[in-house]
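In order, the protein sequences belong to chains A and B.
Residues in the first sequence are numbered from 25 upward in steps of one, following our numbering.
Residues in the second sequence are numbered from -15 upward in steps of one, following our numbering.
Hints may be right or wrong, so weigh each one.
No farther apart than 16 angstroms at their CA atoms in a straight line, the calculated lysine to aspartate or glutamate pairs in the EDC-like style are these [to be verified]:
1) A/201 with B/168
2) A/201 with B/-9
3) A/131 with B/-9
A few chain B residues that don't get close to chain A, going by computed Cβ distances all over 10 angstroms [claimed, not checked]:
4) 20
5) 35
6) 103
7) 116
8) 171
9) 178
10) 184
11) 193
12) 208
13) 226
14) 276
Note that these hints are calculated values from the structure, not bench results.
Source: prediction; values computed, not measured.
Glycine is no exception: its CB is placed at the ideal position from the N, C-alpha and C atoms.
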Amino acid sequence: MMRALSRVSVYALINVAIVAALVVMLYPLIWMLSASFKTGYEIFHSLSLLPQAPSLDNYISGWTALRLPFSVFFMNSVVLCAAAVLGNTISCTLAAFAFARLRFPLKRVLFAVMLMTIMLPFHATIVPQFVLYEHLGWVGTILPIVVPKFLAVDAFFVFLLVQFIRNIPTSLDDAAKIDGCGPFRLFYWVILPLLTPALATTAIFTFIFTWNDFFSQLLYLGNSVSSYTVPVALRAFIDATSLSSWPQTLAMSLLSLLPIIGFFMAFQRLLVEGISTTGLKG
Amino acid sequence: MSEAAREGLAAYLFLLPWLIGLFGLTLGPMVASLLLSFTHYDLLSPPRWVGLHNFQLLLSDDRYLHSVRVTFTYVVLEVPLKLAFALLLAVVLNRGLRAVGLYRALFYVPSLLGGSAAIAILWRQIFGGDGMANMILTSLGWHHPPAWLQDPSYALFTLVALGVWQFGSPMVIFLAGIRQIPREFYDAARVDGAGRVSQFFRLTLPLLTPLILFNFILQMVYAFQTFTPAFLVSGGNGSPVDSTLFYTLYLYNEAFGNLHMGYGAAMAWILLVVIAVSTAAVFASSRYWVFYMETER
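For reference, chain A alone in the conformation it holds in the complex (with noise of 0.2 angstroms):
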């Protein structure tokens, strides 16, 4: 009996830990929802996390506070993040269906140097890639973002995907063959309809980084306002704006972190999975 009961307290007490845990690390976004309805002066005098009286003030001038509405830099994050996805999800499956199904010369080879592209650290190419982007006249546009994409340069993806098509049995393969398959028909018909998990995988987190990222946006797409994405715009706000802007600020921050969110929310089993088995970087 007392046994049971200090075994019970123990898991209650560890629960209402874990919950202490999470109020302190998330109280900064929580914060920042609550102040994103307060006016600048509440913000910095009043620690109470319900608004005196709450409005929409902020989203509403905060949207128009630039030359361009937020509309236009929502609008260029969603192109940019769509063109990404489709780039991504396409030319990393065509590699990794060739990696983990056909037999082809210097393949061991090819692997592993894909394998240490994994880890490069972008530095190694932005400049000259920058110059020849310059030179290509591509500066200012998304080319130089989503090109990549669509040239497999992600090889993570490339990984994630090959790994997962090796787990796909092979006595499909064998099958098809059989029914005089070649390897296109194998790819378009028997591989490809089993990926789904695993492209939706590669779409959710393509989209996420695409919409987080911040050096590349800023290098190709920070000097004319109408091709400002999302978090080019948040630091045109910042630097444009005085100190007393801040309950603008924060109120596009918090909407530029929305559809994030409502990813996660959405596929928040199939993301942590993803993350648990393959160290994706969140």
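With chain A held as given, fit chain B onto it using these hints.
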């Protein structure tokens, strides 16, 4: 054409986009970057060969050497702290709690959002002199807390805190690893009289060392490349007095702000070598502390 030749040809067609990317956007630029590092190049006039001059300049560039120190300090503090929190929470969450799925997801949220511009901006408000952190500290009775981000002695530590705050992604990996440890091991340990603490140090921890190695390398490589928070929190220049002048921030400002492309390329190659050597050193050390269980597969 033989069967094998046809399959090889098909394979190279599937690989074509990746091969173009590999040579055109990865290997080619790496070589170009190395060549550029021996030149002066400002995009406007053709590159001028200067031999090792950029590297000599770097060695006498105080801001550069300072950025190296800032980055190393960050890596040395952020990575172990982040992994310690990740490991602690993974072990606690594994204690058979009913809501473990929910907890796991919530602890992961900072990792999901933390790399974004929005969170860097939030951090700038929270750790400003009159920000949220100081409002709380003042209300708790600390009358003149430091102005964190405006104070060169503390600014870097707020960025370390931002990194450590994102311990959720290594935690999720540790949690998955702990679950792979067979129950019977713990049963046997209990029969032998091992308490919770010695179960952790003699069983859980050794069996997790391969994952610790994996997470350590992953997080270290990322930490060396930290850019977004440093850029946004400092207004792009590493202020106050260069206390948050991260390596990548200085590289960005030199290469793309001042158009010192050769100088930037030299910095990039040194970073690449430093990351490669650090990774190799960690791998080499793993012989002494990583424990691989012998399994029959």
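#### Entry: Index of numbered hints that the structure contradicts, given in increasing order
Violated hints: 1, 4, 6, 7, 12; rest satisfied.
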